[in-house]
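Here's the letter readout for the chains.
2 protein chains.
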Amino acid sequence: MALPKDYTSEACSLARALEVVGERWTLLIVRDAFFGVRRFGDFAEHLGVPRAVLTSRLAALVEAGVLAVVPGAHGRDEYVLTGKGLGLWPAVRSLLAWGDDHYSAAGPRRVFRHAADGGDVAPDGVCPVCGAAPSVADLVVVPGPGLAVPGRPDPVSTALTAPHRLLEPIKG
Amino acid sequence: MALPKDYTSEACSLARALEVVGERWTLLIVRDAFFGVRRFGDFAEHLGVPRAVLTSRLAALVEAGVLAVVPGAHGRDEYVLTGKGLGLWPAVRSLLAWGDDHYSAAGPRRVFRHAADGGDVAPDGVCPVCGAAPSVADLVVVPGPGLAVPGRPDPVSTALTAPHRLLEPIKG
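Residue numbers (my numbering), protein chains in the order written: chain A, 1 to 172; chain B, 1 to 172.
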């Protein structure tokens, strides 16, 4: 059931936000961008999303100003989060934490660590060591006790089995 | 494009969360439940969602343990958030704030006020007056500068033009 794209009868900023990121693939693409995925092929392989769908979702995110296209190392386009896209981190982090709370009996699948002092940053964004709320670029994603090793690891999943600083490009 | 329901290849708690709340209507239903909407007819009229879709989404939320069915005043079923459902507030709040930031030029459409001291609670959940993070039940939703009065107001929209404590039933 598709939502009408033009949602003017909904005087709500949640509805507006969901017009842009309300597709499930879309938030997974945004999550991957936070993890440092930049290349079309890496998104496709990590997400297992059909390439036509990925093309459409990436174009919509660029049009909405959530992602920007930048030239990559080998002349291929890469996708990076804009300032507007970075603003989605609290929403991504909150949904991740809720998923961990209710669908990961062995504990969080991933832990977000403050690079400066090693504090494990709570879902509300506050570092227990320094009491500050580190910016996204100061967080390191670390495998948590609930992370299962995928049966058929793709390069992105493999890279994320080791600590990885958010936004730093993943070498696929 | 539907996501496969069984998403076992995605070892990610965000993917799990989106299996449950990844439909756009679903998060709007959850938002309404935070605002105190409890009755089928009120959800239907406020959201403008087809009744068959609403029936299906409510059933899925009950099955997932996000909503519970309770007997209402006139023998009709009502839907209320469970503890698990209440845990979605940070995600709903974050997406609302992001929508306000980017799609509401006149400012936030709704403000969330700490009932105890009148502080306008920031998107990160912290009250600037007392420094604490009030629980959902201690928040009052107040029209913000960006709220447009709907052309054809339904009872829920009308109720929310005045301050309204979250979770308190809206009298449709």
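Source of the hints: derived by calculation from the structure; they are not laboratory data. The reader is advised that the hints may include incorrect statements.
Chain copies aren't distinguished; within one or between two, either way the pair holds.
[Claimed, not checked] The list that follows gives simulated cross-link-like pairs (lysine to any residue, SDA-like), each with its CA atoms no further than 20 Å apart:
hint: 1; residue 1: Lys84; residue 2: Ala105
hint: 2; residue 1: Lys171; residue 2: Val140
hint: 3; residue 1: Lys84; residue 2: His114
hint: 4; residue 1: Lys84; residue 2: Ala60
hint: 5; residue 1: Lys171; residue 2: Gly131
hint: 6; residue 1: Lys84; residue 2: Pro50
hint: 7; residue 1: Lys171; residue 2: Asp124
hint: 8; residue 1: Lys84; residue 2: Ala106
hint: 9; residue 1: Lys84; residue 2: Asp120
hint: 10; residue 1: Lys84; residue 2: Ala148
hint: 11; residue 1: Lys171; residue 2: Ala59
hint: 12; residue 1: Lys171; residue 2: Ala106
hint: 13; residue 1: Lys84; residue 2: Val49
hint: 14; residue 1: Lys171; residue 2: Gly118
hint: 15; residue 1: Lys171; residue 2: Val129
hint: 16; residue 1: Lys84; residue 2: Pro163
hint: 17; residue 1: Lys84; residue 2: His102
hint: 18; residue 1: Lys84; residue 2: Ala52
hint: 19; residue 1: Lys84; residue 2: Pro143
hint: 20; residue 1: Lys84; residue 2: Asp138
hint: 21; residue 1: Lys84; residue 2: Gly41
hint: 22; residue 1: Lys84; residue 2: Trp25
hint: 23; residue 1: Lys171; residue 2: Gly146
Just so it is clear, the structure is predicted and the values come from calculations on it, not from any experiment.
- Task: Compare the structure with the hints numbered earlier in the document and write down the numbers of the violated ones, lowest to highest.
- Result: 3, 5, 6, 7, 9, 10, 11, 12, 13, 14, 15, 16, 18, 19, 21 and 23
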